[in-house]
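*Asks:* From first to last, the protein sequence lines are chains A and B. The numbering of the first sequence is this note's numbering, which starts it at 1 and goes up by one. The numbering of the second sequence is this note's numbering, which starts it at 1 and goes up by one.
Careful, some of the hints might be misleading.
Same chains, same names: a pair is fine if it fits in one copy or spans any two.
As the list claims (entries may be wrong) - Listed next, the in silico SDA-like pairs over lysine to any residue satisfying Cα-Cα at most 25 Å (straight line): (1) K8 to K94; (2) K219 to V263; (3) K187 to D108; (4) K139 to P16; (5) K140 to Q224; (6) K203 to S147; (7) K139 to I127; (8) K274 to R18; (9) K8 to Y61; (10) K177 to T272; (11) K8 to R100; (12) K203 to N121; (13) K111 to P16; (14) K141 to E20; (15) K111 to I6; (16) K150 to E4; (17) K219 to Q62; (18) K94 to N35; (19) K54 to I95; (20) K280 to S218; (21) K5 to D108; (22) K280 to I232; (23) K187 to Q62; (24) K274 to I217; (25) K54 to H281.
Simulated from the structure, these hints should not be mistaken for laboratory data.
There are 2 protein chains.
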Amino acid sequence: MEEEKIIKWLKSHCLPERKEVQIGIGDDAAVINLNKTHYLLLTTDAVVENVHFKIDQASFYQIGWKALGVNISDIAAMGGSPLWALVSIGIPQKIVSAYREIYRGIRDMAKLFNVDIIGGNLSRSEILFVDIFLAGTVKKKNLVLRSTAKPEDILFVTGQLGGSQKKKQFEFIPRVKEAQTIISHIKPTAMIDLSDGLAADAKKLAEASGCGFEIEISKIPVSQDASEKNRISSALYDGEDYELLMAISPKSVSRVPASINGVPLTEIGKLTKKKVFVLKHTNGSTNKISKEKFRHFE
Amino acid sequence: MEEEKIIKWLKSHCLPERKEVQIGIGDDAAVINLNKTHYLLLTTDAVVENVHFKIDQASFYQIGWKALGVNISDIAAMGGSPLWALVSIGIPQKIVSAYREIYRGIRDMAKLFNVDIIGGNLSRSEILFVDIFLAGTVKKKNLVLRSTAKPEDILFVTGQLGGSQKKKQFEFIPRVKEAQTIISHIKPTAMIDLSDGLAADAKKLAEASGCGFEIEISKIPVSQDASEKNRISSALYDGEDYELLMAISPKSVSRVPASINGVPLTEIGKLTKKKVFVLKHTNGSTNKISKEKFRHFE
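So here's chain A without its partners, still in its complex pose (with noise of 0.2 Å):
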């Protein structure tokens, strides 16, 4: 499946004609302007039995919890603030009873937010995928983009990257409250959420906010989790990190706290105008990423 091919086909295909409508597919999720201090937000995401879950490696709290997290972060990449949930799941009729076990997940999840569940469909399904829409609200003027960055803005991330497949995919925390503060204190120019990989979530960012990138290997805040064969790839290509990737303005840089409620911010990297994706070893060599790691996850 070729994502990239798809999302713009996509772009192209459903263009907003609506005056309200600020910003439809493209970013981490839609901007709908609300009234005059807030734009609503609004976005989905599923997680699917066998393609982002093995039934038999996950419990049915923790499909659950991801299924909520993973739009959690998408708000959360935005600047915004989770509030009211939809849930639509998809179940196999011998293990129905499951649902309980996966609202449990959904509600632990949305408590931490206070995100009220609002809308529950239940379908019978020949594998299980649980499937929500989350909207949100974001004050104007700290609304994020992914598109909105410059060449030469500084690349952070929050957290550690790598191994997250592990189990912090099932356990991760979405980094609303760090981008909330981090927006009162600097706003990043741009920012994104790691789901696919730093490479490929990086590549996202400075695509669309016609750049391109170089990220220092050295600099990755690699997890303990990262496959030990292979730490810098795994950091790089894992995916499922769910921390934020922010780009931040050269003259801010010296601002930036070095940690925010105890999770670590860390420089990894600029933005270019030079639209090539260039990984800098500490021997000075570089590399440019390859199109087939990118279609790792596509």
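Chain A is fixed; fit chain B onto it per the hints.
*Replies:* Positioned in the frame of chain A, the structure of chain B alone reads:
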């Protein structure tokens, strides 16, 4: 799958806590207090392969058309106007290019009602599902719930019922304009859209309103597409009609028009204080609808 039991569980375990949430799980759409004049309506419904359609019996275009249509029908049943849709598709690798035809159906339905498609998520999946989240608005004075009818209110349906599996399920036009027209004339005391069949949906409206019902068999407007063998059963139980069932106060009944935009409005019975669900035959005999008949839809 005991749908009633599940919805009861969901309602009791997902009680809204946020003050702006007027109605959570349990009606055709959730209701959020948006501003002084309007409510926001949010709904979700999925169509799933081998449950709602067979891939060799419906075109991808029809699947897309239906997937958005069933959601617009929910917004119609609240008296609202649909505005913004987010589309989540799970699709097997071998038919991935079908997303274009699915979207063509979604977009044609969207255009009919000036709906913008503002979010699109595509996941791999072993079966095809199209899950849509739809937001709309309604003037506060025009909101109609399913739970606010009273005993002796008269029941009306739009259009004809039965046999909708043949083709209507893939061709129906949701009754948005008809709902708004009737509301501007005589506001129904309650309304619901007919997705599971007249018998099941009338029971939902009656139960939500704390009533029973008495439906006169001979008055049901039966579609030409209804099963020839048992036309009444077809109209009562087939489902997928996407017409509206509304309750009208007895004092307003004389002002109900015979049709709206060429769509007939037919009186079919009334709500009762006694909480039983009765079918009245022309010879005066009656029978209660058995629980088993409803379970057909669960």
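*Asks:* All hints are to be evaluated individually against the structure, with a verdict given for each.
*Replies:* Cross-check of the supplied hints:
{"no.": "1", "hint": "K8 to K94", "result": "between (39 Å within a copy, 20 Å between copies)"}
{"no.": "2", "hint": "K219 to V263", "result": "within (16 Å within a copy, 67 Å between copies)"}
{"no.": "3", "hint": "K187 to D108", "result": "neither (30 Å within a copy, 40 Å between copies)"}
{"no.": "4", "hint": "K139 to P16", "result": "both (22 Å within a copy, 23 Å between copies)"}
{"no.": "5", "hint": "K140 to Q224", "result": "neither (38 Å within a copy, 54 Å between copies)"}
{"no.": "6", "hint": "K203 to S147", "result": "within (11 Å within a copy, 50 Å between copies)"}
{"no.": "7", "hint": "K139 to I127", "result": "neither (39 Å within a copy, 39 Å between copies)"}
{"no.": "8", "hint": "K274 to R18", "result": "neither (35 Å within a copy, 47 Å between copies)"}
{"no.": "9", "hint": "K8 to Y61", "result": "between (35 Å within a copy, 20 Å between copies)"}
{"no.": "10", "hint": "K177 to T272", "result": "neither (29 Å within a copy, 52 Å between copies)"}
{"no.": "11", "hint": "K8 to R100", "result": "between (38 Å within a copy, 12 Å between copies)"}
{"no.": "12", "hint": "K203 to N121", "result": "between (35 Å within a copy, 19 Å between copies)"}
{"no.": "13", "hint": "K111 to P16", "result": "between (33 Å within a copy, 11 Å between copies)"}
{"no.": "14", "hint": "K141 to E20", "result": "both (17 Å within a copy, 22 Å between copies)"}
{"no.": "15", "hint": "K111 to I6", "result": "between (35 Å within a copy, 21 Å between copies)"}
{"no.": "16", "hint": "K150 to E4", "result": "within (22 Å within a copy, 54 Å between copies)"}
{"no.": "17", "hint": "K219 to Q62", "result": "neither (31 Å within a copy, 51 Å between copies)"}
{"no.": "18", "hint": "K94 to N35", "result": "neither (46 Å within a copy, 44 Å between copies)"}
{"no.": "19", "hint": "K54 to I95", "result": "both (14 Å within a copy, 22 Å between copies)"}
{"no.": "20", "hint": "K280 to S218", "result": "within (8 Å within a copy, 79 Å between copies)"}
{"no.": "21", "hint": "K5 to D108", "result": "between (36 Å within a copy, 22 Å between copies)"}
{"no.": "22", "hint": "K280 to I232", "result": "within (12 Å within a copy, 73 Å between copies)"}
{"no.": "23", "hint": "K187 to Q62", "result": "neither (33 Å within a copy, 45 Å between copies)"}
{"no.": "24", "hint": "K274 to I217", "result": "within (19 Å within a copy, 73 Å between copies)"}
{"no.": "25", "hint": "K54 to H281", "result": "neither (36 Å within a copy, 53 Å between copies)"}
In summary, the structure is inconsistent with hints 3, 5, 7, 8, 10, 17, 18, 23 and 25 from the numbered list given earlier, while agreeing with the others.
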